[in-house]
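Produce the complete structure using the sequences and hints provided.
Number of protein chains: 2
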Amino acid sequence: MKQSKLPFKTRKEDPKDEVSQNAKLLIRAGFVHKEMAGVYSFLPYGLRVLKKIENIIRKEMNALGGLESHLTSLQDKTAWEKTGRWDDSVVDNWFKTKLKNDTELGLASTHEEPLSALLCDHVRSYKDLPFSVYQFQTKFRNEARAKSGILRGREFLMKDLYSFSRNEEEHNEFYERVKKAYVSIFSKVGLGEKTFVTFASGGSFAKYSHEFQTLTDAGEDLIYISKKKGIAINKEVLNDEVLADLGIERSELVEEKSVEVGNIFSLKTKFSEPLELIYKDEEDKALPVIMGSYGIGVPRLMGTIVEVLSDDKGLVWPASVAPFDVHLVALFDKEGSVKEQSDKLYEELTDSFDVLYDDREAQVGTKLADADLIGVPTRVVIGSKTLAEGKVEVVDRKTGQSKLVALENLISELR
Amino acid sequence: MKQSKLPFKTRKEDPKDEVSQNAKLLIRAGFVHKEMAGVYSFLPYGLRVLKKIENIIRKEMNALGGLESHLTSLQDKTAWEKTGRWDDSVVDNWFKTKLKNDTELGLASTHEEPLSALLCDHVRSYKDLPFSVYQFQTKFRNEARAKSGILRGREFLMKDLYSFSRNEEEHNEFYERVKKAYVSIFSKVGLGEKTFVTFASGGSFAKYSHEFQTLTDAGEDLIYISKKKGIAINKEVLNDEVLADLGIERSELVEEKSVEVGNIFSLKTKFSEPLELIYKDEEDKALPVIMGSYGIGVPRLMGTIVEVLSDDKGLVWPASVAPFDVHLVALFDKEGSVKEQSDKLYEELTDSFDVLYDDREAQVGTKLADADLIGVPTRVVIGSKTLAEGKVEVVDRKTGQSKLVALENLISELR
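Taken in sequence, the protein lines are chains G and R. Everything in the first sequence is counted per this note's numbering, starting at 13 for the first residue and increasing by one. Everything in the second sequence is counted per this note's numbering, starting at 13 for the first residue and increasing by one.
Mixed in with the good hints there might be a few duds.
Since the list gives no way to pick one copy over another, a pair counts as held whenever it fits inside one copy or between any two copies.
Stated by the list, open to error - Subject to a maximum C-alpha distance of 25 angstroms in a straight line, what follows is the list of computed BS3-like cross-link-like pairs (lysine-lysine):
| no. | residue 1 | residue 2 |
| --- | --- | --- |
| 1 | Lys-63 | Lys-151 |
| 2 | Lys-112 | Lys-46 |
| 3 | Lys-24 | Lys-46 |
| 4 | Lys-17 | Lys-351 |
| 5 | Lys-24 | Lys-159 |
| 6 | Lys-24 | Lys-139 |
| 7 | Lys-63 | Lys-191 |
| 8 | Lys-219 | Lys-410 |
| 9 | Lys-17 | Lys-36 |
| 10 | Lys-89 | Lys-159 |
These are computed hints drawn from the structure, not numbers from a lab.
See the structure below:
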């Protein structure tokens, strides 16, 4: 992608109406645009990161056997009335709207109800189970406050996976597999070391749910980590019983601020009973399906990567989720010979890599500062000085380390 | 994908609450689920088709230089008030909702306003132009009636492309390139012969807009085709002046029902003036940007393919958008030897193709009828009778023609 063809600009100054570091940096670098508090549009760089994260998650969901579907944002109240969650006093972050005939509709805040209702048309026998369904779909949540940038959206893309099992044992087995898949996802996006499986409230049906909490001062949660065990406990459930359950001494716990980047819930029959999602077992006995739900907010995960990995120069993307593999920065000379060679190099590199090419007529300082701000992992700087020796400079964004590489070795060096 | 692992079922009977052929077939075949009139969830088969169409469109948009972005569904009224389109009496299909503090928000029916407003932060000089931005994003339209299945949704995925040019000439050049890209898209999804570039009303700013109309009795539009010229005129603009413009005699026109599968509009400065999307030209003169917008409703396109290409046995997908390349249908014997060989064949085929594998314990008649209903282009039937000769039956869904193919030649035959 040629920067000269992009209208989107970087900014030197922080936007005035943002307090969160992720939103400040992402807006300054031209990754997102704020439509209103908690509502962000994704510009080309930002969408690329979002899609890369999405694809890392999708692979793991497919490996679990998850069936990708796509439910709707507009929701009928019928299913929600059956579970008692339609009323705004029960679910306090509904957005609602109306059809022309005044029928009230909900905007999807989650999809347990419509998915369970939908499956009543399909699930009949124990032979249909177990299975799991997932989607990447927009969620709407009418948050009273939304000051954390893309960490807490009023509208955001969520991966939500739902599992349907015949019994607790089958459910627990799948639940543990999801836990492993989540560990793998957070590791792949570069947050492995900072992310802890955290015991949290299980709600009305299960003793615990599990959160995946990533350490950062930008977080809104407080967790207590046992480094020895490599697990954490959410402040909301920290008590002697929990400590005994987990075999942890209070003295070994360290308090940290964190962001919940994922959560997994055992739902038992909370939804299947009221919605009558029933199957017949081997003895033709009617039983409610055992459910689980498993969420990851994709922009929240992206925002957490920004909070954890950025530095004072700007964004620092791990290669796995970077908008581009290589940032080719051309320092043009007056004679035009650099341009000729950098255009040629761009064409060559695009065969093997996703390349952002700074082919703008701009000052060297501006170009290098923008490259730092945008945060592509590897920068290739091409200018007349090094070209005289047939070389370009290769800079690692994270460490800042640079080296001169001969043009003929560049592609193998970048691999 | 193994059908034994899928909970989703086909149905023999049409759903009672659908009048449109596309919805009847897609629901019966397990591609979509109706949440309410005009609001459909996409199940795994259906989502696969939608994604294939999306990717065909995406390639063409990228070839035009379109910059993929993703704007939000929740929209602030400010920009809409500037263009005078916030009021429900002006735009009659708004869905609106509210923040906790009673601020009214709109649900995206289109994105000219927010995109133009967003770009005011970025576009400054003639050097920033021309460019184009596109997205695949949900549109919400509060249709009074929605009886055409996925042809007219209250919520649907739309590809919307917007162009930004310095002058009419630059705009017209891009507009013509989009026209060609659209012709290519409709050809690639299998509707080329039935789809006509159609002259339609240009609204307040341009003399004409162009629609892409596909002939089908399911259509809500009436168009007049000149087969000689290969173009059509929408009934709404058919008059002597238009005929003279296009050099067409009224006598050569044939009336047909059709679906509008795409449309392209010249917007001139309709949005850039009120929203002050201004650039400075070479002489530092401030000028409003010249815009165009170009839409394709992805589910509508999918529904049109269903309306045009299906037969009395069910869906018939062109290979380019089919949910799978190959439908492997195993007719199991009691001894289990077919299962062993079909499992092996499934593994082999998945290396080269997207395969749907009917490994269910079900009757032969049910399996073959389901395969016809689902409509994968190529069916491979494996049973003990042909296996005795080392062969399988390969059936073309569209023509019904079948032939026996030796197992060792199967993969090369299917390519």
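A quick look at each hint next to the structure:
{"no.": "1", "hint": "Lys-63 with Lys-151", "result": "both (17 angstroms within a copy, 20 angstroms between copies)"}
{"no.": "2", "hint": "Lys-112 with Lys-46", "result": "between (30 angstroms within a copy, 19 angstroms between copies)"}
{"no.": "3", "hint": "Lys-24 with Lys-46", "result": "within (17 angstroms within a copy, 49 angstroms between copies)"}
{"no.": "4", "hint": "Lys-17 with Lys-351", "result": "within (16 angstroms within a copy, 56 angstroms between copies)"}
{"no.": "5", "hint": "Lys-24 with Lys-159", "result": "within (21 angstroms within a copy, 52 angstroms between copies)"}
{"no.": "6", "hint": "Lys-24 with Lys-139", "result": "between (60 angstroms within a copy, 20 angstroms between copies)"}
{"no.": "7", "hint": "Lys-63 with Lys-191", "result": "within (22 angstroms within a copy, 28 angstroms between copies)"}
{"no.": "8", "hint": "Lys-219 with Lys-410", "result": "neither (42 angstroms within a copy, 55 angstroms between copies)"}
{"no.": "9", "hint": "Lys-17 with Lys-36", "result": "within (24 angstroms within a copy, 46 angstroms between copies)"}
{"no.": "10", "hint": "Lys-89 with Lys-159", "result": "between (30 angstroms within a copy, 21 angstroms between copies)"}
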